[in-house]
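Chains as they are written, first to last, in the numbering used here: chain Z, 46 to 185; chain L, 46 to 185; chain U, 46 to 185.
In case anyone wonders, no lab produced these hints; they're calculated from the structure.
If you're wondering where the values come from, they're calculated on a predicted model, not measured in any experiment.
Just so you know, not all the hints are guaranteed correct.
If chains are identical, the list can't say which one is meant, so a pair holds when it fits in one copy or spans any two.
Stated by the list, open to error - Okay, derived cross-link-like pairs now, PhoX-like style, lysine-lysine, Cα gap no bigger than 20 Å in a straight line:
{"hint": "1", "residue 1": "177", "residue 2": "51"}
{"hint": "2", "residue 1": "177", "residue 2": "154"}
{"hint": "3", "residue 1": "80", "residue 2": "51"}
{"hint": "4", "residue 1": "80", "residue 2": "47"}
{"hint": "5", "residue 1": "176", "residue 2": "58"}
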Amino acid sequence: MKSYTKYLNIKTKEEKEILNITYDVEKVLHESGIKEGLLLVNSMHITSSVFINDEENGLKKDFLEWLEKLAPEKSTYDGYYHHRTGEINADAHLKRTIMGREVVVAITKGSLDFGPWEQIFYGEFDGRRDKKVLIKIIGE
Amino acid sequence: MKSYTKYLNIKTKEEKEILNITYDVEKVLHESGIKEGLLLVNSMHITSSVFINDEENGLKKDFLEWLEKLAPEKSTYDGYYHHRTGEINADAHLKRTIMGREVVVAITKGSLDFGPWEQIFYGEFDGRRDKKVLIKIIGE
Amino acid sequence: MKSYTKYLNIKTKEEKEILNITYDVEKVLHESGIKEGLLLVNSMHITSSVFINDEENGLKKDFLEWLEKLAPEKSTYDGYYHHRTGEINADAHLKRTIMGREVVVAITKGSLDFGPWEQIFYGEFDGRRDKKVLIKIIGE
Numbered sequence: 046m047k048s049y050t051k052y053l054n055i056k057t058k059e060e061k062e063i064l065n066i067t068y069d070v071e072k073v074l075h076e077s078g079i080k081e082g083l084l085l086v087n088s089m090h091i092t093s094s095v096f097i098n099d100e101e102n103g104l105k106k107d108f109l110e111w112l113e114k115l116a117p118e119k120s121t122y123d124g125y126y127h128h129r130t131g132e133i134n135a136d137a138h139l140k141r142t143i144m145g146r147e148v149v150v151a152i153t154k155g156s157l158d159f160g161p162w163e164q165i166f167y168g169e170f171d172g173r174r175d176k177k178v179l180i181k182i183i184g185e
Numbered sequence: 046m047k048s049y050t051k052y053l054n055i056k057t058k059e060e061k062e063i064l065n066i067t068y069d070v071e072k073v074l075h076e077s078g079i080k081e082g083l084l085l086v087n088s089m090h091i092t093s094s095v096f097i098n099d100e101e102n103g104l105k106k107d108f109l110e111w112l113e114k115l116a117p118e119k120s121t122y123d124g125y126y127h128h129r130t131g132e133i134n135a136d137a138h139l140k141r142t143i144m145g146r147e148v149v150v151a152i153t154k155g156s157l158d159f160g161p162w163e164q165i166f167y168g169e170f171d172g173r174r175d176k177k178v179l180i181k182i183i184g185e
Numbered sequence: 046m047k048s049y050t051k052y053l054n055i056k057t058k059e060e061k062e063i064l065n066i067t068y069d070v071e072k073v074l075h076e077s078g079i080k081e082g083l084l085l086v087n088s089m090h091i092t093s094s095v096f097i098n099d100e101e102n103g104l105k106k107d108f109l110e111w112l113e114k115l116a117p118e119k120s121t122y123d124g125y126y127h128h129r130t131g132e133i134n135a136d137a138h139l140k141r142t143i144m145g146r147e148v149v150v151a152i153t154k155g156s157l158d159f160g161p162w163e164q165i166f167y168g169e170f171d172g173r174r175d176k177k178v179l180i181k182i183i184g185e
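Chain Z extracted, bound-state conformation (with noise of 0.2 Å):
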């Protein structure tokens, strides 16, 4: 069995952005050699997501607006119980439990076994600032 580490680094130019991330993760897939396995892409942050779906814009504009529906910024210390240690992103840490974590993808053949719209995405809700996405891909 092989395995193989890398970590990107991504620091966005908004607070909430979706970055495709899918090219990134294939270099990392062929620099490793490894041909049949399961490779990990998850967020090494708790206010940030690594997703699959579709590349095409107004969708990622439909995510950012649904999610602010469904757990909604509140830029005061009383918004959310979080607010009270003094930082006031409980609603990102709401936002990437939505989005997810960390996607798990097929190895086949050397390349990312996917289907026809899989992309990999990373989704930010607390930006600006320097943030680490791990790579880890274990098999032949």
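Starting from the known structure of chain Z, arrange chains L and U on it as the hints suggest.
Only chains L and U this time, still in chain Z's reference frame:
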């Protein structure tokens, strides 16, 4: 390390439908001969899900009604930004996000290592067309 | 390839409760002797979750209040279709769906390969009874 890959073909009768695929996954596991390892099951599409819950018809209806509340269908071109592409299925992308794309299951002594009620489901939110589910098993 | 399997027994005092299980998972990892690989942690029940977020008491309260809004408890037999079975815990199935069933964590140099704030939690939504969490590690 052994690995085994298989694709299930699925075409639902309804636009939104929840199918129990536990038996299909077990069949693939037995074909693989793998006794200890991890099994990934994922939808290869971005408007459908694979998830684990309970085999109970009322609960399936509850899931569909609840998803409709959290991520409502809007059958107009201005209902969601995504609809400006001509597709009017943004709700299906959101519903799938709540239910999840994939599950990872432990394989122990040649079986799905499940609690008493765990069953694997395919959740379709934009159906009546050909879709695929991927099963990838790695282990020994 | 090595694999290691362990089950944690959990019985919460409250019906809905969030427990930090990071230390228990680390103990199992060290027992396993596995240095590079993947670790799966999942609830073996369909009304509880395993997820990764921040160890902060206010945030745990925020999660429980937020879930109650998105998937409210209805303690009557006609509150959800599922309640016609005699069980009145449909909300717990929905809450667990939002929080997720499982996490997959990279193992690097014998440790959970975590970002600065990542911690593993068990989220119980139908508690005060015996439940199990599965930990499966594969690697070398």
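Cross-check of the supplied hints:
| no. | hint | in the structure |
| --- | --- | --- |
| 1 | 177 - 51 | within (10 Å within a copy, 30 Å between copies) |
| 2 | 177 - 154 | between (28 Å within a copy, 18 Å between copies) |
| 3 | 80 - 51 | both (17 Å within a copy, 16 Å between copies) |
| 4 | 80 - 47 | both (10 Å within a copy, 12 Å between copies) |
| 5 | 176 - 58 | within (12 Å within a copy, 36 Å between copies) |
Checked against the numbered hints above, the structure breaks none of them.
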